[in-house]
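Trainee: Sequence:
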Amino acid sequence: MIFAYIDTRPFLFVLGIPIVILLTFLGCAIVKSRVRRWKASAGTLILYVLLFAFFLYGPFIGQTKTREYMMSWEIKPPHLHGEANQGTQIKVPEVIFSFIEFPEHFIGYHSIELADHLKKNGKDEVKALIEITSDYGKVRGYSVLEIVGAKSWPNEGIFGGSSGSPQRFPWD
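Numbering (our numbering), first residue to last: 1 to 172.
Calculated from the structure, these hints are not laboratory results. Any given hint could be a false lead.
[To be verified] No farther apart than 25 Å at their CA atoms in a straight line, the calculated lysine-lysine pairs in the PhoX-like style are these:
#, residue 1, residue 2
1, K138, K76
2, K76, K32
3, K120, K151
4, K91, K119
[Claimed, not checked] The calculated label-pair distances, taken between Cβ atoms and stated as ranges, are:
#, residue 1, residue 2, range
5, F11, G141, 22 to 30 Å
6, G157, D124, 19 to 27 Å
7, G43, M70, 52 to 60 Å
8, G157, I46, 46 to 54 Å
9, L26, G137, 28 to 36 Å
10, V148, L15, 19 to 27 Å
11, A42, K65, 38 to 46 Å
12, K76, F55, 28 to 36 Å
13, I100, Y136, 53 to 61 Å
We put the CB at the ideal spot given by N, CA and C, even for glycine.
All chains should be modelled from the sequences, with the hints used to inform the complete structure.
Mentor: Following this line, the structure appears as structure tokens:
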């Protein structure tokens, strides 16, 4: 079982409830409060739930920003992996975009339509509009919204990555 893909926030929430109640009882005992312990526990539990909900679904989650990048592009012919892999062959060209400011980062598509669109445009450098989504300031993902005026295109696969050990990232 791979634990990296399990969201731990619900477990932290459930484990935090008895801890909050226990600390409330302990605080009431130390201070010798005249407030009934169940009222103090209910109040702190409500506060705990509200704060947890605020940090779980509040303004820190799903922040999006749209940026425009200049990108260079190249079209590579379809990959052929021998006759044994006939069923898994991708028979469309790879269109690979590299960031001008961040040349070690790239985004690629397997798309005939996008390759044709870029050939018609004829420019070596094109503008790409990218939406970046982050949670707590950490990038969750990105989505290419537009490339040289094209807002959507059929594709058989999308990939992205970096080469080497880049010091800077387009998302920062």
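Trainee: Output the indices of the hints that this structure fails to meet, ascending.
Mentor: 1, 2, 10, 12, 13
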